[in-house]
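There are 2 protein chains.
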Amino acid sequence: MKYESINFEDKFLKFSDHWSPRVIAAMNDYQFKVVKIKGNFVWHDHKDTDEVFIVLSGKMEIEFRDGKVEINSGEMFVVKKGIEHKPFAAEECKILIIEPCGVINTGEEKSSLTAENDKWI
Amino acid sequence: MKYESINFEDKFLKFSDHWSPRVIAAMNDYQFKVVKIKGNFVWHDHKDTDEVFIVLSGKMEIEFRDGKVEINSGEMFVVKKGIEHKPFAAEECKILIIEPCGVINTGEEKSSLTAENDKWI
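The listed protein sequences correspond, in order, to chains A and B.
The first sequence: position 85 = 85 (the numbering used here), numbered continuously.
Residues are numbered in the numbering used here as their position in the second sequence, beginning at 1, plus a constant of 121.
With the rest of the complex left out, here is chain A (with noise of 0.2 Å):
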């Protein structure tokens, strides 16, 4: 049988719009989602799960209510479930998510952010 690993780059270079996460590859019932990302994301929380974000190239920021975080190419932050934020890119950054099949990206705030789910590449 011929098995083949997920490149992210390739997976880059098959899409260009921001804010619009497509489906990579299913673990159990979560799923792993690139991103291009740029300028300000809404409010939103996700009330019944954590979200992991892993920065593979650029840097973004979440802000939270009482503080925000720095993540850089390499690194990772899992946000809680429940708890209100916003991600932010100066420069275009290019993001790994991981969370459970059927996550609204932006929560229960419908926004012209809003993306559609299962857009598989």
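Some clues are possibly wrong.
To be verified - Keeping only pairs whose Cα atoms sit at most 20 Å apart, straight-line, the calculated PhoX-like set for lysine-lysine is: (1) B/123 / A/2; (2) B/202 / B/168; (3) A/68 / B/123; (4) B/207 / A/59; (5) A/80 / B/123; (6) A/59 / B/132; (7) A/81 / B/201; (8) B/180 / A/2; (9) B/157 / B/215; (10) A/14 / A/119; (11) A/11 / A/94; (12) B/132 / A/2; (13) A/110 / A/94; (14) A/14 / A/94; (15) A/110 / A/86; (16) A/2 / B/207; (17) B/231 / B/189; (18) A/2 / A/38; (19) B/123 / A/86; (20) B/168 / B/201; (21) B/123 / A/11; (22) A/2 / A/59; (23) A/2 / B/201.
Calculated from the structure, these hints are not laboratory results.
With chain A fixed as given, assemble chain B onto it according to the hints.
Okay, now just chain B, sitting in the frame of chain A:
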């Protein structure tokens, strides 16, 4: 409040042994573990869960009963549950493993490579 990202390279500086996973983060009931690997691991499977490998530096292979996959830095692979596999790295390779809490690294195969769980760094 003070929020801090998790830097993979900083974590790898804290240990040098091979095939001994260190937990660096938790997401819901899943754990993120960094591991340094070199040489041959043992054949094993995980009956109840998929397992994700992300190569952070170097390259590794995973052998299956009917083929194999090479995973380079910047790539990932999902071993589906119940599939027998044997990881291998010719030179030291630094990887991130994602799997549910409580998974034993050698599956049901007791081995000198069976590692203690929940070793946080």
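Check: Is it true that the CA of residue 2 of chain A sits at most 20 Å from the CA of residue 59 of chain A?
Finding: It is violated: about 35 Å lies between the C-alpha atoms, which goes past 20 Å.
Check: Does residue 215 of chain B lie within 20 Å of residue 157 of chain B when you go C-alpha to C-alpha?
Finding: holds (5 Å)
Check: If you draw a straight line from the CA of residue 132 of chain B to the CA of residue 2 of chain A, is it 20 Å or shorter?
Finding: violated (33 Å)
Next item on the list: Assess, step by step, whether the Cα of residue 68 of chain A is no farther than 20 Å from the Cα of residue 123 of chain B, and give holds or violated.
Entry: With Cα atoms ~7 Å apart, residue 68 of chain A and residue 123 of chain B stay inside 20 Å; holds.
Margin query: For a C-alpha distance cap of 20 Å, please report whether residue 207 of chain B and residue 59 of chain A respect it.
Written below: violated (35 Å)
Check: For the pair supplied as a hint, residue 81 of chain A and residue 201 of chain B, is the alpha-carbon distance within the 20 Å limit?
Finding: Not satisfied, since the Cα-Cα distance of roughly 27 Å exceeds 20 Å.
Notebook entry, point to check: CA of residue 2 of chain A to CA of residue 207 of chain B, is that 20 Å or under?
Noted result: Since the Cα atoms of residue 2 of chain A and residue 207 of chain B sit roughly 16 Å apart, the hinted pair holds (cutoff 20 Å).
Next item on the list: Would you check the hint for residue 202 of chain B and residue 168 of chain B, treating anything up to 20 Å between C-alpha atoms as holding?
Entry: Status holds; Cα separation ~6 Å.
Next item on the list: Mind checking the alpha carbons of residue 2 of chain A and residue 201 of chain B for me, to see if they're no more than 20 Å apart?
Entry: Holds, at roughly 14 Å.
Notebook entry, point to check: Is the straight-line distance between the alpha-carbon of residue 14 of chain A and that of residue 94 of chain A 20 Å or less?
Noted result: Holds. Residue 14 of chain A to residue 94 of chain A sits at ~13 Å (cutoff 20 Å).
Note to self: Tell me if the straight-line CA distance from residue 123 of chain B to residue 2 of chain A falls inside 20 Å.
What the structure shows: violated (46 Å)
Notebook entry, point to check: Can the restraint linking residue 110 of chain A and residue 86 of chain A be considered satisfied, given a maximum Cα separation of 20 Å?
Noted result: Cα-Cα ~14 Å, so holds.
In terms of the numbered hints stated before, the structure departs from hints 1, 4, 7, 12, 13, 17, 18, 21 and 22, listed from lowest to highest.
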